[in-house]
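Undergrad: Following the hints, complete the assembly by docking chain B with the ligands onto the known chain A.
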Amino acid sequence: MSDAAFKSVADQPLDVSANAKARMKHWFNDFRTRSMEAGEPYVIASAVSPHEIFHTMDVPVVTNTWYSSIISAKRQSPYYFDLMEKLGYHSDLPRYLSLPMMTTLDNDPERAPYGGLPKPALILDRLRGDYAQRITSKWASAFGCEAFYLDATAQTELIPNWWELAQRDWETLYESHRLDYQVEQLKALIQVAERVTGRKFNYDDFEGEMHRINRAGENVERARNAIASAEKCPVSMPDQLSNVMAATWNRGSQWSVDHTKAYADEIEARVKNREAICPGQKTKLLWLNTGLWFNTAFYRAFEESHGAVFVWSMYSNYLSDGYRKYFDKDPLRALAARSMSMNEQLHLPPWMAGWILKQAEDFGASGAVMLTPVGDRLSSYGTRACIDMLERAGLPVLELSASMVDARLWDNDAMIAEVGDFIETRVQV
Amino acid sequence: MSSDVAKSACERIDLAFSNPEANARAFKDAGGKVVAFLGATVPVEIIAAGGAYPLRLKGGSGDTALADELMEPVRELYLRRIFNRLLAGALDWVDLIVVPRSSEGLLQFYYLIDYARKFRGHTHMPKVVLLDLLQTPFDYTIAYNKARLTELKAEVEAVTGRTISDEALAGQIKLYNSVRGRFRNVIEQQGPAGTLRLKLASFGQTQPAAEFESVLTDLWLGSSQISKGARVALSGSPHETADLYEIFASSGLDIVAEDHDWGAGIYAHDVAENADPIAALEERYRLHGISMRQFVRAKPEYDVSGKDVRPEAVAFYFEENDDTLGWEYPEERKRLADAGIATALLRGPVNSDRCLAALKDLADQFAARTEGGNHE
Ligand code: SF4
Ligand code: SF4
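Just so you know, the protein sequences line up as chains A and B, in that order. For the first sequence, numbering that gives the first Met the number 0 gives the first residue as 0, with consecutive numbering after it. For the second sequence, numbering that gives the first Met the number 0 gives the first residue as 0, with consecutive numbering after it.
Excised from the complex, chain A in its bound form:
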């Protein structure tokens, strides 16, 4: 069925999505020519580390998660899992972040995607869980390069409604003693980065980066508000993901500001023109926790059958709520605030649940599906308390457990049935 008042754009990606894809391709070509072919210094950094420092120095940054997803996409993960086993890494160790290291230990350019990553100038990791250091130190010694560790201080008190303080009142939110420490770490990182890359870190350029990230965040907020207030969802989850993630990886660039502006403009225009990806929409759902990167079609699998649309995931507006850090005079302290809180606010109950409830209310969602990766203890911490808090507040939650690295273990029919059943029995239409 179709609602006459709404025009269907079910099969039309946003125009800007093509630009996002082109930009990611451009990034890769740049990395390939400069670092893989010409041997320019580059850095491997975890997704939750301050890439801003290297962006400012025009040093290419590769995230281990990106290369991990390439390995999975090229269907090479089973080979590297076998290798892990052969080398003696027990089968319960988290595998997603270690796949890239396996290509280095394997040292077979014929097999590794793009011939394997060349030796980086530095590997940067943030010691959030307990195992990052153990993987990074091994990987760095396999490359024969330096490693830099950002230790992760712990928040003493989880002040409610973090998103209301995170952008302007971050000094209160994140606790001054932690900010002091993080600034010290960033200064040390800048010194090391200058030494290993032979480039200078320019504070004026850096300040410009930081302002541009705030502006991109404002655009993403505008897009998010347009989606939230729309009667019927104007943009698909895969479209949201590719546009916001491209801007996140390229944060600080003028491109990211322009792109997020075009993204917000296009969504606002769709709302104004009463365009919807599912005119027969009856239910709005939230997607919680990890993204389902290898199967983004799943997000849309319940539109025809149930009129149920996934309208939000944390990637929809984390760039605006989590990344934006306004500052008067100290951009480095603002970066400290951003880089030490990255995933904590997405995973610590009640921070996680509080933010989700706010989104559920603003978007008018009536249910949520949470994806918990199996075989990775770190990413399941806090999920039970989060579900507890959401359900107590009246938001039904379905938890799905799945492997994030091995697409072969995803039983699509079973997952579709599970979500379908959840919508039919627990979500109020």
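If you're looking for bench data, these hints aren't it; they were derived computationally from the structure. A portion of the hints provided could be inaccurate.
Only pairs whose alpha carbons sit at most 16 Å apart, straight line, appear in this in silico EDC-like list of lysine to aspartate or glutamate [claimed, not checked]: (1) Lys20(A) <-> Asp257(A); (2) Lys85(A) <-> Glu330(B); (3) Lys298(B) <-> Glu327(B); (4) Lys85(A) <-> Glu327(B); (5) Lys145(B) <-> Asp257(A); (6) Lys186(A) <-> Asp138(B); (7) Lys32(B) <-> Glu154(B).
Fair warning: this is a prediction, and the values are worked out from it, not measured in the lab.
TA: Below, chain B with the ligands alone, put in the same frame as chain A:
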């Protein structure tokens, strides 16, 4: 040493192992304050200097039904059990609980207690504070930690109502150093069997330093308590119970050294006595506090006195959801093989089929060798 005294030492060790909180409760009932803590990175010297009873918490053997409502099943069993006891009110008598940030599991445990208190109405639980002691070897980490330890001192002072002077702190540092030294002597000179050594190490974590010292002084082992069997070092996940040690013993293997945070290694390193007390404690617990986040972990074949115990094998035990320690295993295995030391890999839980099967393989290797008569 008279056998009466010796007997009572052993009884006290067993008693404390099976009922680790009895003494602390008696202390509390007599009007004292009890400051409980988790892990091996909380400086007990600070707690003792305040006149409070330092009690390291164990999970015990209870069920986890209450905890399971809020805690994922992949979390460490001992934490699920302690959380269950907290929710059930079994620890309400404690004055303060200190949770160090020395593993992700402990940190998340701290946040979960906060959640249960604020959002599930568990306001009966004792006050819980986080000790955000980092273990990276950077100068800015040292400064950060010293400030955190000073805060901990203030928390203890608030509990006992007593100011902790530098002299008091220095006094406790001296006392604990001397007890650690005595512990090392007992291990070195008497060579207790693995199970007894674990219980003795545990004693010092739940009983006051003076008690520990008295037991160490009185202890004189009979032949049945002395290490015998094939000598195996144990590496990997912590063991607060003696279950694994007992299975080893019944398989003809003795655990002669270990690197986990309930083992003898807790007493391997002293605190500098000629330095600022907070700075000295910071260095000791950052570098040598045994934890998942310890930057450099000790080699498993070295004993509490820093001597190579020359084990015949090193057994690596990793609990079922281990995501950290297993990363070291392949290199360790190679290093030990190069040194001519056999290794075995045991996977949790203790007593599971896969754990027992791996242990049997290891025991069989030694049995075959003994039968073959080529024991050097
Ligand atoms: S899925 Fe959406 S677009 Fe397709 S028929 Fe149903 S309402 Fe119309
Ligand atoms: S030898 Fe050990 S077990 Fe026997 S009485 Fe003495 S202390 Fe107790």
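Undergrad: None of the hints should be skipped; say for each whether it holds.
TA: To see whether the hints hold, each was checked on the structure:
| no. | hint | verdict |
| --- | --- | --- |
| 1 | Lys20(A) <-> Asp257(A) | 15 Å, holds |
| 2 | Lys85(A) <-> Glu330(B) | 13 Å, holds |
| 3 | Lys298(B) <-> Glu327(B) | 11 Å, holds |
| 4 | Lys85(A) <-> Glu327(B) | 15 Å, holds |
| 5 | Lys145(B) <-> Asp257(A) | 46 Å, violated |
| 6 | Lys186(A) <-> Asp138(B) | 13 Å, holds |
| 7 | Lys32(B) <-> Glu154(B) | 12 Å, holds |
Hint 5 from the list above is the single one not met by this structure.
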